[in-house]
Amino acid sequence: MLMDTPDETLASAAADGDRAAFATLVARHYDRIFGLAWRLSGNRSDAEDLAQDICAALPVKLRHWRAEARFTTWLYRVVVNAAHDQRRRQATRSKAAEGWGDWELARQDEIETGREAEAWLHQAMAQLSPELRDTVALVLGEELTQAQAGEVLGVTEGTISWRMSEVKKRLRVIAAREVGQ
Amino acid sequence: MTDDLNDLRAALKSAPASDPEARARALALAMENFDRIQGSADQSRHKEDRPGADTPRRAGFFGGVRQMMNFLTAKPALLATTSAAALVVGLAFVLPLGTIPGIGQGSQEDMRESNLTGEWVTTNPAPAEPAAPAAGAADEPANTAMGTAATPKPAPEAAAKVAADEVPGLNSSVRPASRPENPESQAPVRKATEAAGGDKAEYAADISGDVIVSEAPPLPMNDARLRVSNGIMPAGDMTYLPAPAPSTEDYANAAANPVKVTAEEPVSTFSTDIDTASWSVIRSTLNAGLLPAPEQVRVEEMVNYFPYSYAAPEAGEAFATTVSVMPTPWNPETRLVSIGLQGALPEIANRPALNLVFLVDTSGSMQDMNKLPLLKQSLALMLPELRPEDQVAIVAYAGSAGTVLEPTPAGERDKILNALDGLSAGGSTAGAEGLELAYQLAAKMAGDGEVSRILLATDGDFNVGVSDPEGLEAYVAKKRAGGTYLSVLGFGRGNLDDATMQALAQNGNGTASYIDSLSEARKVLVDQLTGALFPIADDVKVQVEWNPAQVAEYRLIGYETRALAREDFNNDKVDAGEIGAGLQVTAIYEVTAPGSAGLKNDPLRYGEAAAAGDVNSELGFLRLRWKEPGESVSKLKETPITGTEPASDETRFAAAMAGFGQLLQGSVYTGDWGWQEAIDLALASRGSDPYGYRIEAVNLMRLAQSLSK
Chain A
1 MLMDTPDETL ASAAADGDRA AFATLVARHY DRIFGLAWRL SGNRSDAEDL AQDICAALPV
61 KLRHWRAEAR FTTWLYRVVV NAAHDQRRRQ ATRSKAAEGW GDWELARQDE IETGREAEAW
121 LHQAMAQLSP ELRDTVALVL GEELTQAQAG EVLGVTEGTI SWRMSEVKKR LRVIAAREVG
181 Q
Chain B
182 MTDDLNDLRA ALKSAPASDP EARARALALA MENFDRIQGS ADQSRHKEDR PGADTPRRAG
242 FFGGVRQMMN FLTAKPALLA TTSAAALVVG LAFVLPLGTI PGIGQGSQED MRESNLTGEW
302 VTTNPAPAEP AAPAAGAADE PANTAMGTAA TPKPAPEAAA KVAADEVPGL NSSVRPASRP
362 ENPESQAPVR KATEAAGGDK AEYAADISGD VIVSEAPPLP MNDARLRVSN GIMPAGDMTY
422 LPAPAPSTED YANAAANPVK VTAEEPVSTF STDIDTASWS VIRSTLNAGL LPAPEQVRVE
482 EMVNYFPYSY AAPEAGEAFA TTVSVMPTPW NPETRLVSIG LQGALPEIAN RPALNLVFLV
542 DTSGSMQDMN KLPLLKQSLA LMLPELRPED QVAIVAYAGS AGTVLEPTPA GERDKILNAL
602 DGLSAGGSTA GAEGLELAYQ LAAKMAGDGE VSRILLATDG DFNVGVSDPE GLEAYVAKKR
662 AGGTYLSVLG FGRGNLDDAT MQALAQNGNG TASYIDSLSE ARKVLVDQLT GALFPIADDV
722 KVQVEWNPAQ VAEYRLIGYE TRALAREDFN NDKVDAGEIG AGLQVTAIYE VTAPGSAGLK
782 NDPLRYGEAA AAGDVNSELG FLRLRWKEPG ESVSKLKETP ITGTEPASDE TRFAAAMAGF
842 GQLLQGSVYT GDWGWQEAID LALASRGSDP YGYRIEAVNL MRLAQSLSK
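The listed protein sequences derive, respectively, from chains A and B. Under the working numbering, think of the first position of the first sequence as 1, with each following residue one higher. Under the working numbering, think of the first position of the second sequence as 182, with each following residue one higher.
Derived by calculation from the structure, the hints in this document are not laboratory data. Quick caveat: nothing in here was measured; it's all calculated off a predicted structure. The C-beta atom is built at its ideal place from N, Cα and C for all residues, glycine as well. Among these hints, one or two may not hold up.
[Stated by the list, open to error] Under the rule of at most 30 angstroms between Cα atoms (straight-line distance), these lysine-lysine pairs were calculated in the DSS-like manner:
1) B:LYS808 / B:LYS818
2) B:LYS194 / B:LYS441
3) B:LYS625 / B:LYS754
4) A:LYS169 / B:LYS194
5) B:LYS659 / B:LYS781
6) B:LYS704 / B:LYS596
7) B:LYS818 / A:LYS168
8) B:LYS704 / B:LYS781
9) B:LYS194 / A:LYS61
[Stated by the list, open to error] Just a sample of chain B residues kept apart from chain A, beta carbon distances all over 10 angstroms, derived:
10) ARG204
11) MET212
12) THR502
13) GLU726
14) TRP854
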């Protein structure tokens, strides 16, 4: 029966101290957290660490759950904020640590054959600013509507729409370059 | 708008499956923190196994295992899980082609997962901030692992799902032992869980366990795909099956040294290397049932892993050299010249006081039993070897770096052990910050005539903070000038950044070792405590000038990452390796005489005739440069190589290891000489081998022989 309970009900119950509800909720959403963390960071171990930090912080964070939004929207916001914190921490520690950006700098140019798709993704993501990456991770990766993505990121739908057209422009540049090669 | 974005969408959609182990860990941590802030940790602790509608035996079985794990202490747990892993590997041989990598991974996961349970039992339940990413300290494993399955009134499906979800480790590790269990009975469980919603990926653990059971029914495609969740990004294709571990490992290596023509380049210069990490990596790879990749093999580290009984240096000398010449085992047309350096063993009783700073990586990835828990045990093994006047400090680095233990005399063992016990993994890695803190502490501890060393223990995951490895190396090199040494202890596999480890240890005048078992920890930290921790010679450089009249071609075996320019030999500003007290370093050249059938290059038609003279009978001339620790001016020692130096079991065994290393590299120089010849040579020259290191090598050669067929 817990399986069918909506996220929002579980979250409210968990916030009130219902252990089973909380367990169900995190088990249900861990992969979602990890997936978005991966899309935001581009790096498996960062994503795992991030997901673990979020899970650890979730009991406290749930106290701020007010059932004003869909749980997933709220959760996405938590993940995005945590990823921003992580990026900030990395940025203070190194010149060029920006998750996806790292990929290019660090020794990864010897990407094995069979991983072109991945290489392409990293290359594409590295071309985008952090805001644009957040946006595509949510809109394309998580398949949120532009309105939902705006809600998560705290910007208007129009901003998301503009960002997506920016992304499109950059991708065209990359595509043109690939053809040129 | 979607057309342009389709590629990006597709790429982003194919996020890697979450790692079941990381998932279990995060969920356990979440529950732990939940209980902590609720203050209700006791509430659902006492529960009996609830016989679920369709999983009666399963629940009972896990309950039993859980209880068993609760009573195991860390050490037996390690043993128990090793044998569980062995069991799985054993099964691997009956599986069809292509499953061995998966099994290797399965066994690794089994090991980690069931170890996780052991870890819960052994760590101190130190209270932490609820939101802090400190893991490990679950005060009641039953609670986190199974508690939810026993909540007041869950439906059977819920129980099944939670059981499957929450204890993937037990699930998979236990499977081999539970084979009498009817495999069919698990199908409904899977169905139930999948029907219950959620991504398929979250059942990866369950599925990886299933691999073992599913000998009869063919593996469904997406099961196999999910099983490679350790690989970066499964793209829905069997061809993606990667080797299990090395997904994010990074190795330092260079192409094998080529054959040099003496007339063109008579002088060969390199720095000594007493790292042994490569051998341990090879060993753990072979033991996982895989041949190591050529880039994982550094021949000199394989050779130098083993102790050799070379002649001890005379009193007052920092080290002695032993040169020996023998026919090349793999090529009758050439000879091997091995150069052994034996470091002096200063009187232990008079050794200077030692200041050790343990810089411990406690990032989330260190949670595995073969990482942080093994590290704790290793350091605990080492403590009794220290003197009361020695000092120990501990710095942990994860999300943020912090001093765990202020400098403490080694005599206060309880205090140090408590601090060690309190370490738990969680958060990401702030290596650079931790390193700075460690150097600060080391500087604080330093006294006159004392030796300060930082022991950096990590799984090599410097992914945060060191996207600029060169900056860090430069930093370490700068600190080296201040007299603090840095050694690196590598733990665990899968994340190992061998290249960074190497770079740090080389720049820190230290050693890089890879610790995969307690016995390896013993070798590195206890048996070699003096050597690994007390340098007797810094910046040791070796230069050999070959005599073209006797040696037409030569080839240095290994030391590719240690090559120096000829002019660097006399330049005291150029850094090189150190030699610790009582340690041996061996370098092997394969040399070819003029006119030999083994020459790789044709002689030059217009080459000069070799000059005649007294020295003409010599093979070459060996020059060594080193600095006394703390000195800035080097000393020089010169020895002619006459070609008549006798070989011994020691050098023959070293030659066998060099041959083995080249076989693993797929070298072109070994010809028809193969595994069996390497085994025979190593066995014949085994010597007394009091610690059994050499016979272990022979057994690994046999393993490699089987794996390569």
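(request) Identify every previously stated hint that the structure contradicts and give their numbers, smallest first. (result) 2, 5, 7, 8, 10, 11
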